[in-house]
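Student: Make the full structure from the sequences, and use the hints.
Chains as they are written, first to last, in the UniProt record's numbering: chain A, 1 to 286; chain B, 1 to 286.
None of these hints come from the bench; they were simulated from the model.
What follows is a set of in silico ranges between Cβ atoms, one per label pair, in the way DEER data are often shown:
| hint | chain 1 | residue 1 | chain 2 | residue 2 | range |
| --- | --- | --- | --- | --- | --- |
| 1 | B | D252 | A | L278 | 56 to 62 angstroms |
| 2 | A | V253 | B | G24 | 34 to 40 angstroms |
| 3 | B | T156 | A | W81 | 27 to 33 angstroms |
| 4 | B | A272 | A | P79 | 43 to 49 angstroms |
| 5 | B | G90 | A | G3 | 36 to 42 angstroms |
| 6 | A | L76 | B | P249 | 36 to 42 angstroms |
| 7 | B | A157 | A | A87 | 41 to 47 angstroms |
| 8 | A | A87 | B | G222 | 48 to 54 angstroms |
| 9 | B | T268 | A | R2 | 26 to 32 angstroms |
| 10 | A | Q285 | B | A80 | 18 to 24 angstroms |
| 11 | A | A124 | B | A157 | 55 to 61 angstroms |
Just a few of them, taken from the derived set where beta-carbon distance is under 8 angstroms, the chain B residues facing chain A:
| hint | residue |
| --- | --- |
| 12 | R11 |
| 13 | D15 |
| 14 | L20 |
| 15 | F22 |
| 16 | L28 |
| 17 | G36 |
| 18 | V37 |
| 19 | D59 |
| 20 | A62 |
| 21 | L71 |
| 22 | G73 |
| 23 | P75 |
| 24 | G108 |
| 25 | S115 |
| 26 | T117 |
| 27 | R130 |
A quick note: this is a predicted structure, and the numbers were derived from the prediction, not measured. For every residue, glycine included, the Cβ atom is placed at its ideal position computed from N, Cα and C.
Number of protein chains: 2
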Amino acid sequence: MRGLATDPAARGLLDDAAVLPFSGDLVLTKDLLVEGVHYLPDDPPADVAWKLVATNLSDLAAKGATPLGLLLGYPLGDPAWDRAFIAGLGEVLARFAVPLLGGDTVQGRGPRTLSLTALGRAPAGGAPDRRGARAGDTLWVTGTIGEAGLGLVSATAGLNDAYAHRYRRPEPRLAAGRALGPLVTAMCDVSDGLLIDAARIAAASNLAVTIDLDAAPLVGEGRAARLAAATAGDDYELLFALPPGTALPVLDVPATRIGAFAPGTGLTLSDAAGPVPLPAALGWQH
Amino acid sequence: MRGLATDPAARGLLDDAAVLPFSGDLVLTKDLLVEGVHYLPDDPPADVAWKLVATNLSDLAAKGATPLGLLLGYPLGDPAWDRAFIAGLGEVLARFAVPLLGGDTVQGRGPRTLSLTALGRAPAGGAPDRRGARAGDTLWVTGTIGEAGLGLVSATAGLNDAYAHRYRRPEPRLAAGRALGPLVTAMCDVSDGLLIDAARIAAASNLAVTIDLDAAPLVGEGRAARLAAATAGDDYELLFALPPGTALPVLDVPATRIGAFAPGTGLTLSDAAGPVPLPAALGWQH
Numbered sequence: 001m002r003g004l005a006t007d008p009a010a011r012g013l014l015d016d017a018a019v020l021p022f023s024g025d026l027v028l029t030k031d032l033l034v035e036g037v038h039y040l041p042d043d044p045p046a047d048v049a050w051k052l053v054a055t056n057l058s059d060l061a062a063k064g065a066t067p068l069g070l071l072l073g074y075p076l077g078d079p080a081w082d083r084a085f086i087a088g089l090g091e092v093l094a095r096f097a098v099p100l101l102g103g104d105t106v107q108g109r110g111p112r113t114l115s116l117t118a119l120g121r122a123p124a125g126g127a128p129d130r131r132g133a134r135a136g137d138t139l140w141v142t143g144t145i146g147e148a149g150l151g152l153v154s155a156t157a158g159l160n161d162a163y164a165h166r167y168r169r170p171e172p173r174l175a176a177g178r179a180l181g182p183l184v185t186a187m188c189d190v191s192d193g194l195l196i197d198a199a200r201i202a203a204a205s206n207l208a209v210t211i212d213l214d215a216a217p218l219v220g221e222g223r224a225a226r227l228a229a230a231t232a233g234d235d236y237e238l239l240f241a242l243p244p245g246t247a248l249p250v251l252d253v254p255a256t257r258i259g260a261f262a263p264g265t266g267l268t269l270s271d272a273a274g275p276v277p278l279p280a281a282l283g284w285q286h
Numbered sequence: 001m002r003g004l005a006t007d008p009a010a011r012g013l014l015d016d017a018a019v020l021p022f023s024g025d026l027v028l029t030k031d032l033l034v035e036g037v038h039y040l041p042d043d044p045p046a047d048v049a050w051k052l053v054a055t056n057l058s059d060l061a062a063k064g065a066t067p068l069g070l071l072l073g074y075p076l077g078d079p080a081w082d083r084a085f086i087a088g089l090g091e092v093l094a095r096f097a098v099p100l101l102g103g104d105t106v107q108g109r110g111p112r113t114l115s116l117t118a119l120g121r122a123p124a125g126g127a128p129d130r131r132g133a134r135a136g137d138t139l140w141v142t143g144t145i146g147e148a149g150l151g152l153v154s155a156t157a158g159l160n161d162a163y164a165h166r167y168r169r170p171e172p173r174l175a176a177g178r179a180l181g182p183l184v185t186a187m188c189d190v191s192d193g194l195l196i197d198a199a200r201i202a203a204a205s206n207l208a209v210t211i212d213l214d215a216a217p218l219v220g221e222g223r224a225a226r227l228a229a230a231t232a233g234d235d236y237e238l239l240f241a242l243p244p245g246t247a248l249p250v251l252d253v254p255a256t257r258i259g260a261f262a263p264g265t266g267l268t269l270s271d272a273a274g275p276v277p278l279p280a281a282l283g284w285q286h
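Tutor: As structure tokens, then:
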């Protein structure tokens with residue numbers, strides 16, 4: 001682990017704390033992964049390391065923030081698993097150029113609970129949240145939605161296909177988040193499902209939101225498959241509100257206009273055939 | 001949990017991240033507690049909350065830092081245990097006037113792994129660490145050493161005595177740490193044992209250290225009991241090096257001069273009878 005903590009702020013992990021000079025708005029997030037809940041016990045350890053880092057960085061991306069560093073809480077267990085996890089951790093840290101600043105390693109017991117704290121620098125204009133959407137704003141999402149949900153099915157069935165890869169190695173939209181941060185009125189990442197996350201932005205902003213299912217970049221054919229994609233979660237795409245007339249900046253990932261905010265409350269769905277009844281569950285409920 | 005996160009930076013825990021304006025040197029630490037490893041399964045949940053917060057704040061105290069806030073990683077399990085933990089968490093947050101800024105709550109599985117990240121502001125002159133002791137510096141420790149070790153024995157035996165209380169509810173030396181921070185050349189907290197932590201300061205500073213067992217504020221009578229106290233750990237007192245001639249500031253806890261640093265390497269012990277052989281283990285080895 002020490003070999004990964006090369007940033008001067010980490011003090012070589014030889015001290016009990018990291019010391020990081022900073023001035024600005026600090027964005028702080030902490031996400032846990034529990035074996036058997038957030039990842040499958042048979043998932044490759046390097047993929048678990050990736051997912052742990054990527055899900056935390058995704059929260060920073062949704063704030064338009066630039067990552068500053070990570071603190072890891074790691075329960076030691078099977079040495080081969082630990083070695084593979086640490087190798088994967090090195091890979092994902094290098095991929096996103098984020099330093100490991102510190103953390104704690106303990107003797108684990110039972111199913112693993114992995115914890116990570118991510119620190120980032122907020123954009124100059126302030127970090128967006130879910131509360132700022134206004135009536136008339138348009139709703140957008142990056143990338144495609146539903147592949148990770150199919151990937152969970154694949155991974156559970158023991159398949160190593162592209163969907164399983166997407167489930168195990170989500171891509172935090174850091175560059176897109178930084179580009180969007182100064183322009184959006186509200187933003188979050190799609191972690192629990194497109195519909196539930198859109199409904200949460202609307203509720204936090206005291207507005208109604210409509211989504212055009214035909215426009216949404218959902219995987220699958222037919223209404224049932226597309227509704228399943230829209231409620232599956234684990235996509236880690238960015239979902240955001242733009243004031244009318246705002247030009248979308250150049251992003252490193254496609255973004256699609258999928259709906260709009262209006263006075264009122266609640267979520268409404270439509271497609272070419274007209275209004276679509278809401279599914280029983282809009283996504284993952286904590 | 002939301003009722004505890006009243007600081008504006010926490011955004012009511014309704015967002016995926018906290019946003020904290022800050023300028024200076026940020027001190028970051030993350031300590032985990034594992035059920036059955038760092039606390040006893042039968043320990044009262046409010047005491048576990050206390051210990052989780054206190055051990056992290058103790059790391060800040062050893063940096064002379066002022067706490068800014070905490071991020072909690074909490075696995076939900078038995079509802080009664082969770083309620084008692086959260087009540088205890090509220091108590092310890094209030095006791096040390098530190099805000100809960102955010103975190104993550106997950107569905108737990110098996111023995112609990114609790115994680116906490118603590119953020120603090122370093123003192124103006126910089127945060128001390130273990131590496132700065134100089135030959136001729138004196139070695140000091142706050143409070144008494146060994147009560148928590150006796151407390152582990154008491155708690156394991158089901159006793160609720162003052163020692164068990166000391167084991168379960170350590171007192172982070174925040175005020176003393178702030179007063180000492182600008183004066184010390186090296187400082188750490190005594191978490192793994194007085195002897196091992198002193199040896200670590202000496203090793204990190206490329207020096208030898210001698211400890212006078214008669215001077216050290218160890219609980220117990222007789223050399224065996226005093227050596228047990230000096231290697232027991234969990235005291236969370238401050239251990240620090242002062243340049244010769246430095247006046248000890250007024251502290252809210254007694255501090256005792258117990259030794260000195262000299263050129264060389266290693267730890268030596270003495271008492272009135274002369275040199276004392278080192279015990280087989282100097283403290284808790286990770």
